[in-house]
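Here the protein sequences come in this chain order: A and B. The opening position of the first sequence corresponds to residue 1 in the numbering used here, with each subsequent residue numbered one higher. The opening position of the second sequence corresponds to residue 112 in the numbering used here, with each subsequent residue numbered one higher.
Read the hints as simulated data drawn from the structure, not as lab findings. Any given hint could turn out to be false.
[As the list claims (entries may be wrong)] Only part of the chain B face toward chain A is listed, based on derived beta-carbon distances under 8 Å:
#1 Q159
#2 E162
#3 F171
#4 F180
#5 Y211
#6 Q214
#7 P218
#8 G219
#9 R221
For every residue, glycine included, the Cβ atom is placed at its ideal position computed from N, Cα and C.
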Amino acid sequence: KQEVTQIPAALSVPEGENLVLNCSFTDSAIYNLQWFRQDPGKGLTSLLLIQSSQREQTSGRLNASLDKSSGRSTLYIAASQPGDSATYLCAVTGGSYIPTFGRGTSLIVHP
Amino acid sequence: DAGVTQSPTHLIKTRGQHVTLRCSPISGHKSVSWYQQVLGQGPQFIFQYYEKEERGRGNFPDRFSARQFPNYSSELNVNALLLGDSALYLCASSLDQGAYNEQFFGPGTRLTVL
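Using the sequences and the hints given, assemble the complete structure.
Next up, the structure:
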C-alpha cells in the first residue's frame with residue numbers, strides 16, 4: 001500500500017525566503033506526482049504535475065522535482081510572499097490509478 | 112471556462128439522515144472522483160466514475176454511493192449519517208480515467224453532522 005509523507009508538517013518563515021517542501025512515497029512504481037495548494041476550508045488548486053518520465057516541472061516561482069528511485073519529490077518556492085501562505089499537498093498516482101495524498105505542509109509566510 | 116462546481120457549499124445534518132452532494136466537472140472532462148477530507152488530513156479517495164461507470168472505490172462503507180449522469184455530472188450519496196462523516200467532501204474531474212491525467216478540484220462541500 002502506497003504511503004505518502006510530507007515534511008515538515010508546518011513551516012513559518014519571513015517574506016522573501018526560498019523554501020523547500022518535501023514529499024516522500026514508499027512505492028516507486030508511480031505514474032505521476034501532483035502538487036496542490038489548499039487555502040483554509042477551500043478546495044485544492046493544482047500547482048504542478050510531474051509525469052513519471054519527467055525529472056522536474058516549473059511554473060513561475062515554483063519548481064518541483066521528482067526522484068522515483070529514492071521515492072522523493074521536492075517543491076521549491078522562490079522568494080516567498082505572504083500570499084503563498086496555505087497548506088501544500090502532494091499526491092502520488094500508482095498502478096491503481098487512485099491518487100494517494102500526504103497530510104500536507106502548512107506554510108505561513110509573515111511580512 | 113468554469114472550473115469544477117459543487118453544491119451545496121455547506122450542509123448541516125443530524126445523525127441517521129441522508130445527504131446528496133452534487134458535482135459538475137470541467138466541460139469536456141469525462142471522469143469524476145470523490146474524496147473525503149477530515150480536518151488536518153489529506154483527502155481520502157471514495158469513488159471514481161468514468162463514462163457513467165464506477166471505475167474505482169476506496170475503503171468506505173456501503174452507506175456511501177455515487178453515480179454519474181449522461182452529462183458527466185455526479186452525485187455522492189451518504190445514508191445513515193454518523194458524526195464521523197463530518198468532513199469536507201471534494202470532487203475532482205479529469206479528461207479521462209487514465210493515470211497520467213491532471214486532476215482539477217472543486218471548492219468542496221462542508222458537511223457537518225450533529
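For each hint, the structure was consulted:
For Q159/B, the suggested interface contact is upheld, since its CB lies about 7 Å from the closest CB of chain A, less than 8 Å. Residue-level restraint check for E162/B is violated (minimum Cβ-Cβ distance to chain A is 14 Å; threshold 8 Å). Below 8 Å, beta-carbon pairs count as interface contacts, and F171/B has none with chain A, the closest being about 12 Å; its hint is therefore violated. The interface hint given for F180/B is violated, since its Cβ lies 21 Å from the closest Cβ of chain A, which is over the 8 Å cut-off.
The restraint placing Y211/B at the interface with chain A holds, with a minimum CB-CB distance near 6 Å, inside the 8 Å limit. Checking Q214/B against chain A by beta carbon gives a least distance of about 7 Å; that is within 8 Å, so the hint holds. Hint status for P218/B relative to chain A: holds, with the closest Cβ pair at about 4 Å, below 8 Å. Here the hint on G219/B is kept, as its CB sits about 5 Å from the closest CB of chain A, short of 8 Å.
Hint status for R221/B relative to chain A: holds, with the closest Cβ pair at about 7 Å, below 8 Å.
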